[in-house]
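So the sequence lines, in the order shown, correspond to chains C, L, S and P.
Be aware that the first sequence starts at 1, since it is given in my numbering, and climbs by one per residue.
Be aware that the second sequence starts at 1, since it is given in my numbering, and climbs by one per residue.
Be aware that the third sequence starts at 1, since it is given in my numbering, and climbs by one per residue.
Be aware that the fourth sequence starts at 1, since it is given in my numbering, and climbs by one per residue.
No lab work stands behind these hints, which were simulated from the structure alone.
Incorrect hints may have been included.
What the hints assert, rightly or not - Derived coverage of chain P by chain S (criterion: at least 3 residues anywhere in the stretch with Cβ under 8 Å from a Cβ of chain S; other residues may be distant):
(1) 8-15
(2) 167-180
(3) 206-217
Keep in mind it's a predicted model, so treat the numbers as computed, not measured.
For each residue, glycine too, the CB sits at the ideal point set by N, CA and C.
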Amino acid sequence: MTNKLGPYSDKVMDHFMNPRNMGEMEDPDGLGEVGNPVCGDVMRLYLRIKDGIILDAKFKTFGCGAAIATSSMVTEMLKGKTIEEAKKITNQAVAEALDGLPPVKMHCSVLAEEGLEAAISDYERKKGQIS
Amino acid sequence: MTNKLGPYSDKVMDHFMNPRNMGEMEDPDGLGEVGNPVCGDVMRLYLRIKDGIILDAKFKTFGCGAAIATSSMVTEMLKGKTIEEAKKITNQAVAEALDGLPPVKMHCSVLAEEGLEAAISDYERKKGQIS
Amino acid sequence: MRKIFFDHISTTPTDPRVVEEMLPYFTSQFGNPSSLFYEHGQQAAKALEEARAKVAGLIGAEAQNIIFTSGATEANNMAIKGIAWANEDKGRHIILSDIEHFSVLFAAQALSRWGFEITRVPVDSYGIIDLGALKASIRADTILISIMHANNEIGTIEPIVEIANIAREKGILFHADAVGTVGIIPVNVGELGVDALTLAGHSFYGPKGIGALYLKQGIRIDPLLQGGFQEAGYRSGTENLPGTVGLGVVAQIAKEEMPSRIEHLLILRDLLWRGLSQRIQDIHFTGHPTQRLPGHVSFWVENAEGESLLLHLAFKGIELASGSACSSNIRGRTEEDLAASQVLTAIGVPSHICTGSLTISLGKDNNREEVEYFLEVFPGIVERLRAMSPWK
Amino acid sequence: MRKIFFDHISTTPTDPRVVEEMLPYFTSQFGNPSSLFYEHGQQAAKALEEARAKVAGLIGAEAQNIIFTSGATEANNMAIKGIAWANEDKGRHIILSDIEHFSVLFAAQALSRWGFEITRVPVDSYGIIDLGALKASIRADTILISIMHANNEIGTIEPIVEIANIAREKGILFHADAVGTVGIIPVNVGELGVDALTLAGHSFYGPKGIGALYLKQGIRIDPLLQGGFQEAGYRSGTENLPGTVGLGVVAQIAKEEMPSRIEHLLILRDLLWRGLSQRIQDIHFTGHPTQRLPGHVSFWVENAEGESLLLHLAFKGIELASGSACSSNIRGRTEEDLAASQVLTAIGVPSHICTGSLTISLGKDNNREEVEYFLEVFPGIVERLRAMSPWK
Ligand SMILES: Cc1ncc(COP(=O)(O)O)c(C=O)c1O
Ligand SMILES: Cc1ncc(COP(=O)(O)O)c(C=O)c1O
Chain C
1 MTNKLGPYSD KVMDHFMNPR NMGEMEDPDG LGEVGNPVCG DVMRLYLRIK DGIILDAKFK
61 TFGCGAAIAT SSMVTEMLKG KTIEEAKKIT NQAVAEALDG LPPVKMHCSV LAEEGLEAAI
121 SDYERKKGQI S
Chain L
1 MTNKLGPYSD KVMDHFMNPR NMGEMEDPDG LGEVGNPVCG DVMRLYLRIK DGIILDAKFK
61 TFGCGAAIAT SSMVTEMLKG KTIEEAKKIT NQAVAEALDG LPPVKMHCSV LAEEGLEAAI
121 SDYERKKGQI S
Chain S
1 MRKIFFDHIS TTPTDPRVVE EMLPYFTSQF GNPSSLFYEH GQQAAKALEE ARAKVAGLIG
61 AEAQNIIFTS GATEANNMAI KGIAWANEDK GRHIILSDIE HFSVLFAAQA LSRWGFEITR
121 VPVDSYGIID LGALKASIRA DTILISIMHA NNEIGTIEPI VEIANIAREK GILFHADAVG
181 TVGIIPVNVG ELGVDALTLA GHSFYGPKGI GALYLKQGIR IDPLLQGGFQ EAGYRSGTEN
241 LPGTVGLGVV AQIAKEEMPS RIEHLLILRD LLWRGLSQRI QDIHFTGHPT QRLPGHVSFW
301 VENAEGESLL LHLAFKGIEL ASGSACSSNI RGRTEEDLAA SQVLTAIGVP SHICTGSLTI
361 SLGKDNNREE VEYFLEVFPG IVERLRAMSP WK
Chain P
1 MRKIFFDHIS TTPTDPRVVE EMLPYFTSQF GNPSSLFYEH GQQAAKALEE ARAKVAGLIG
61 AEAQNIIFTS GATEANNMAI KGIAWANEDK GRHIILSDIE HFSVLFAAQA LSRWGFEITR
121 VPVDSYGIID LGALKASIRA DTILISIMHA NNEIGTIEPI VEIANIAREK GILFHADAVG
181 TVGIIPVNVG ELGVDALTLA GHSFYGPKGI GALYLKQGIR IDPLLQGGFQ EAGYRSGTEN
241 LPGTVGLGVV AQIAKEEMPS RIEHLLILRD LLWRGLSQRI QDIHFTGHPT QRLPGHVSFW
301 VENAEGESLL LHLAFKGIEL ASGSACSSNI RGRTEEDLAA SQVLTAIGVP SHICTGSLTI
361 SLGKDNNREE VEYFLEVFPG IVERLRAMSP WK
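Can you make the complete structure from the sequences, with help from the hints?
Laid out in structure tokens, this is it:
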């Protein structure tokens, strides 16, 4: 993207303008919904998991550019990962994958990490109930 | 004068650039020398007096534009005046005759008034000694 | 891409006629107004005083009561701190509204190190100051009330005359930050009854880096900047001559063109307002419906975040501002810098502080076509973001 | 009438190349650097940061250590008061030289209301600070030393490196007012060892209304102007974008052209110096003969008063300055405003305080012909005034 807007990297703007995996998922295997108390952002993350592998991820997010871009990026990063691998994804990693975020916006990337944690624990809880 | 310089009226500048009655006088009837403690200006005023009438006045002055212009103006004002009339010339009157002075420069016109006082008392002292 | 500038409350382009008049004062007439003994300096001093008279003319003041500053932030700091320091023997209590600009609020708060206390008076849901609360907040040691004339974020115009009356009755000095109004709507310091008033050049097509403080005859302030005794000692520093000349010229132009500009802005504003009301669901206009700046429309939309709205609009070439926390102080360093808009909080906008708040501030050069383009693209953007939101 | 401008220490014309570069930032690129969500704002922020880097480049600093201000007076006030307030827990003693600019002296004196004490260190007859006295004046509660780099009236360059060493050894912060030197002679903050340094645009062909404070990494100051957190919170207020751009451009030009300008100035200065020595009796040059600004000649002549000299010279189209009491602060209101030049008093010029002191400060565009014209007319003027003087 040439039309670099704001304090964001081109990659952030790309994921903001063209978010990947935006949408809902029927009967997700893991569902996380987290909010950011600092600025009111909310993210919902849906995971499709089979044999401990994340096959698909979807999100819905209310929030600023950084919140939306990190949501989009984290879904991309999750796909194909094992649960164990996914658990290791940090907000720094998401921000780095987006070529960085302004310091003041780093907290927005926490949403992605927390959403991921919440969705995985939802999955593990559900799995525990089933098995 | 069209080339109005500085904060001074055209009349001040005229008297500064073309001072009237500048010079010394041999055996003056009255001689006053006064200094201004505020800024170091010095004025010497020479008077030629006959029958209580000021026939001529000359000055020499070290000082700023206002000091020189008021020196020049006061000599003009003095000529033809009686001693009694001359005593009534104030620094305000001299400043007014010059179309005014900047407030901060009013003290310079005191030089003219004091020079005049000094020259007249010198005259009266000498006259007292003679008569 | 064509740019549509809808953020005149944040700054304005300098009128080319103003730049034209400033130019000689950079190069040929570059003198220092303090150099009164030669022509370059004399020209400069003359230009400075002519500019002062023109600025005074815009607000019904006398030239000698205009102090040039580097901008409104300096004028606000100078008024607040200068009055406080000059009156600290009388008391150390200062009253502000809840919706003051940071340059008033933080200037006042900076005084707390010297024992000054601040009371912030609430505003109603339209952003109008609560006059009862104002009266109730006055103490025996209150020395200053500072209330802005118009709020930048929500456009509300405060009842300055009433506030001035209250202040005068109690013998308290009254300063108004009139950055939002001077040059935009009529401002007359005598009619308003203010003791001090702040204005900024770049808020009405003048240059940046220049502003002024009006100080009523007889009011003393302790200076903020000491030095070579320029501006009658109230504000030292070699004068920004091109800037002052520019402010003078723009003051004159603003005075002449104000009636037609206001008419133009009101037409566009109503178009915008009506268009938004019709096309956007769950939109909430902020600020007072009638007591407001002529070119100003502010609102928040449910379920779409402000910064995201800005980014999408910018992508379409539309430039405006959001009061949302996330979009302010992006250059800040800590999360605290992201504090929610105090103004929105003060008028009771619900607590998702990253709401989709936007401020559109139209200018003299905006036109109907631009407003219509905005109305065309905005609903789609809102829809897109709402579709992305986890809420219904 | 042709004007010969010999008062570059008081101000300089803005270089037309600088004005050219500033122009777009008034009109097309008028954005507010804080408006980071749209292009006009982004352009502005970019231009601001580029200017900062250029200014830093002129003085060997890092861009992040440059704080833009409205001029040197603000930068000096900000440094002195900002350092004082930020360090008042450590102590309240400040050391200045006897020949500081009013914007340093009175900024420091303004702090006395909060219990700060000032010691003024004497200078020798050349105007060089007495390093022994400086050391002796240091107390346990000394928090700041502020000494100017070059004196405007007499051109003397102070031994900044030595002063910085003394300050560093004692753990005292050191600020230098470098208005006289930055852009004129090489200034490198690292080599000088200063903690803070003031510069002004209009002293080296940049615009008026813009200056900067260099603040070494890690030094904290309490801001003078609170508000919207511009300049990393150190100096709030919407940035004077054309001004900062202009300062950036002029910094770059100054850096490139400095060697040739200095060479040119030294030739003219020597011509002037020799010519005056030969043609004027009872002339006394002031300031240091070699440790001085390249284009600077200052002197006083016996038995001819400074203001009168200025007026006669102006009549011939020659514009320069006098440090004499009578010619300064003509816009003042009281006789106290006519206080004698502190600088001349400090270097021991005899007590006729209205002496004929003159400061000639040459600029890059002066030429040999102008100097020769001055040398031609000046002796006659001196003669004329001496003939008018009551002294022999
Ligand atoms: C109401 C109000 N007051 C003061 C200011 C400060 O003005 P400046 O940043 O030009 O100093 C602003 C700036 O936007 C403002 O909107
Ligand atoms: C040495 C010195 N410092 C500071 C200043 C103040 O600069 P300004 O008046 O541009 O704010 C001057 C002004 O001439 C100066 O000569």
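We went through each hint and held it up to the structure:
1. With 5 residues carrying a beta carbon less than 8 Å from a beta carbon of chain S, the region 8-15 of chain P meets the three-residue requirement, and the given coverage holds.
2. Only residues whose beta carbon comes within less than 8 Å of a beta carbon in chain S count, and the region 167-180 of chain P has 0; fewer than three means the coverage is violated.
3. Taking a C-beta to C-beta cut-off of 8 Å, the region 206-217 of chain P contributes 4 residues in contact with chain S, enough for the three needed, and the coverage statement holds.
In the structure shown, a violation is registered for the earlier hint numbered 2 alone.
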